[in-house]
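J.: Chain by chain, the residues run as shown.
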Amino acid sequence: MVMGTDGILRISDLRTHFLTDDGEVKAVDGINLTIRKGESMGLVGESGCGKTVTAYSTLRLVPNPPGRIVSGQIHFKGRDLLKLSEKEMRGVRGREIAMVFQEPASSSNPSFTIGNQIQEVIRFHQGGNRVQVRKKAIEILDAVRIPDPVRILTQYPHELSGGMLQRVMIAIAISCEPDLLICDEPTTALDVSMQAQVINLLNDLRRERGTSLLFITHDLGVLSWVCTHAAVMYAGNIIEQADIRALVKNPQHPYTSALIGASPRLDRDCQVLDSIRGSVPNLTNPPGGCKFHPRCDRVLPVCTEQVPQLKEKGDGHCVACFADSEGGAA
Amino acid sequence: MGDGYPLLSVSDLKKHFYVRKGFRKVEVLKAVDGVSFELRAGEVLGLVGESGCGKTTLGRTLLRLYTPSSGTILFKGRDVCHVSGEQVREMRAGMQIIFQDPYSSLNPRMPIGKMLHEILSAHGVRNGGEREERVEEIIRKVGLESTHLRRFPHEFSGGQRQRIAIARALILYPSLIIADEPSSSLDMSIQAQILNLMKSLQKEMGMSYLFITHNLSAARFMCDRIAIMYLGKVVEMADRSQIFESPAHPYARALLPLCPVPDPDTRVEHVALEGEVPSPVNPPVGCTFHPRCPEAAAICSRQTPKLLEIEPDHWVSCYRFARMKDMT
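Residue numbers (numbering that gives the first Met the number 0), protein chains in the order written: chain E, 0 to 329; chain S, 0 to 327.
Quick caveat, the hints were computed from the structure, so don't treat them as lab data. We treat Cβ as the ideally placed atom computed from N, Cα and C, and that holds for glycine. Keep in mind that a hint or two might mislead.
Stated by the list, open to error - Which chain S residues stay away from chain E? Per the calculated CB distances, all over 10 Å, these:
#, residue
1, V27
2, E37
3, P110
4, G123
5, Q192
6, R239
As the list claims (entries may be wrong) - Computed cross-link-like contacts, SDA-like style, restricted to lysine to any residue with a CA-CA straight-line distance of at most 25 Å:
#, chain 1, residue 1, chain 2, residue 2
7, S, K198, E, V271
8, E, K36, E, G93
9, S, K305, S, G70
10, S, K20, E, G93
11, S, K113, S, R91
12, S, K198, E, H217
13, E, K248, S, L255
14, S, K140, S, K198
15, S, K202, E, R276
16, S, K198, E, R267
17, E, K312, E, D12
18, S, K140, E, Q270
19, E, K36, E, D21
20, S, K202, S, Q241
21, S, K202, E, R264
22, E, K310, E, S70
23, E, K134, E, E176
24, S, K20, E, N108
25, E, K312, S, D264
26, S, K198, S, R139
27, S, K24, E, H157
28, S, K140, E, C295
29, S, K24, E, H217
Pulled out of the complex, with its shape left as it was, chain E reads as follows:
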């Protein structure tokens, strides 16, 4: 396990379950994750694998009911976020951990101006008089490279394009200089050129301000361009974790290599994509043993019986698979 003591965020054994009519859904089923200062941790997986729930759990935004954080610890700068009171948590959200959502249009308030929404965050967390707050807001918009920030302050969200609004949302998120920025598919709704601009913006923020990122995506291309490290999730578990180069160039888990083979490549021709048979399991009744075994090509008898644990294979590369470990393959 990568367990640096210098981790700014350390999630251990987090379990978040949802109670539905069909039974209990173990959306996050015991994950461990450490993010260090200035690191950009990617969380990649298909829909329903628990990546968004992990992010929401970190900020304690999981709607309850039906959701509930059943167990685990989330250590952030030495405190367990799960033990804080709701009031203390409000001081963490936005100031120390901020979040950027997928749909900028639905995560901004349509009836207030951009200026209003940015200044509210700054005033709430940092205070200051009107002039100071306004000056700070303009500085922040400038930092996310919005042309003509003074004019933008007076505009409403519907007057901006998706890409511009997403930059405003990033501006709001970084306005209190958080230590950790959680981005939930921030570029999925954007066009290629705007996506590239947002990716560069996030990379610069990380380099210049040392902000750590938890970056959720389903796109391996975007993942490789933003993240320094990545964890692959499947059905509520992390099944592989490594630094980004090792993960995309030398994937160890059959699911990771299948995902990489399944995405069409821009940089080369190929005749057939590696597809993974079947589809993501229903989490009310997941398969026993390794949850990936019904779709796996390298399945062993032990895979149907035991749940593989995430084990380090050297250089911080962790894999949860029996096929690679000495014990399972023998």
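Following the hints, put chain S in place on chain E, whose structure we already have.
T.: Using the frame of chain E, we list chain S on its own:
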């Protein structure tokens, strides 16, 4: 692949929408603004571009789901815009569409077997036994089973629904399928299944695809030829290898490096494409790309460049190449 006769031939097609702005004022949205191309039999032509470039409108206009504002569409030599009655039905049997969202494009109240039967009877297959046979055949071709035929759309996953949509498009053995982002609402592993299926069915049955997508990687996998659209116009059209190995139009050259590749060593530090696609309501005068073009010259803001063939089968609409051509 490249030597068939033109199955579909489009010339100077325009589709303008009128949008109300305020009480009296009406503005023109030029969604498709003078597009010409040919699609050969058995070919997969990709139509790629960022959102708002008119690729979906173009696809729908070809099927006459929208009436074109001007221009001609010839399908198998027949003018699509001036057929009526029974001939429309006949024409539609030859060109089918697969929509992006498999959740909203299937009737939720009809079992899928009944839906497929209905298509056949509407197109004159009277014999029940023959219909049964063709439905069974097509459902197996798309990787489902005949036991699925009694089920309703909500009983299927997204990937399975897209397979049903493919079955619906294929059951009349059309010669052209317009696929509008068929895989972009699906998960990665399912997307690969659908793209593989579409590719192998195309090889097996030999129809043409007009493959509309914003995902250049998917276009590279699926298409023989690719047309890149920008603000209602085709700016470059060429073989897949030419587009990806030697793109000519400044837009194509700026756009291609910005598409993320799963390789951390290819990160771009400088984004050559500033700003965003302008609104098609009041597009820039002259070449619509000139405000964002790093190589814009004075002429680009005055006149609209034409699509020129700079080398065999490689069409580009840019004054840089128009000048080169004049000199030779």
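J.: So, for every hint listed, does it hold in this structure?
T.: Here is how each hint holds up against the structure:
no. : hint            : in the structure
1   : V27             : 20 Å, holds
2   : E37             : 23 Å, holds
3   : P110            : 21 Å, holds
4   : G123            : 36 Å, holds
5   : Q192            : 4 Å, violated
6   : R239            : 8 Å, violated
7   : S:K198 - E:V271 : 8 Å, holds
8   : E:K36 - E:G93   : 18 Å, holds
9   : S:K305 - S:G70  : 16 Å, holds
10  : S:K20 - E:G93   : 38 Å, violated
11  : S:K113 - S:R91  : 20 Å, holds
12  : S:K198 - E:H217 : 23 Å, holds
13  : E:K248 - S:L255 : 22 Å, holds
14  : S:K140 - S:K198 : 12 Å, holds
15  : S:K202 - E:R276 : 21 Å, holds
16  : S:K198 - E:R267 : 17 Å, holds
17  : E:K312 - E:D12  : 20 Å, holds
18  : S:K140 - E:Q270 : 19 Å, holds
19  : E:K36 - E:D21   : 41 Å, violated
20  : S:K202 - S:Q241 : 22 Å, holds
21  : S:K202 - E:R264 : 20 Å, holds
22  : E:K310 - E:S70  : 21 Å, holds
23  : E:K134 - E:E176 : 15 Å, holds
24  : S:K20 - E:N108  : 24 Å, holds
25  : E:K312 - S:D264 : 23 Å, holds
26  : S:K198 - S:R139 : 16 Å, holds
27  : S:K24 - E:H157  : 20 Å, holds
28  : S:K140 - E:C295 : 24 Å, holds
29  : S:K24 - E:H217  : 43 Å, violated
The structure fails to meet hints 5, 6, 10, 19, 29 from the earlier list, while all remaining hints are met.
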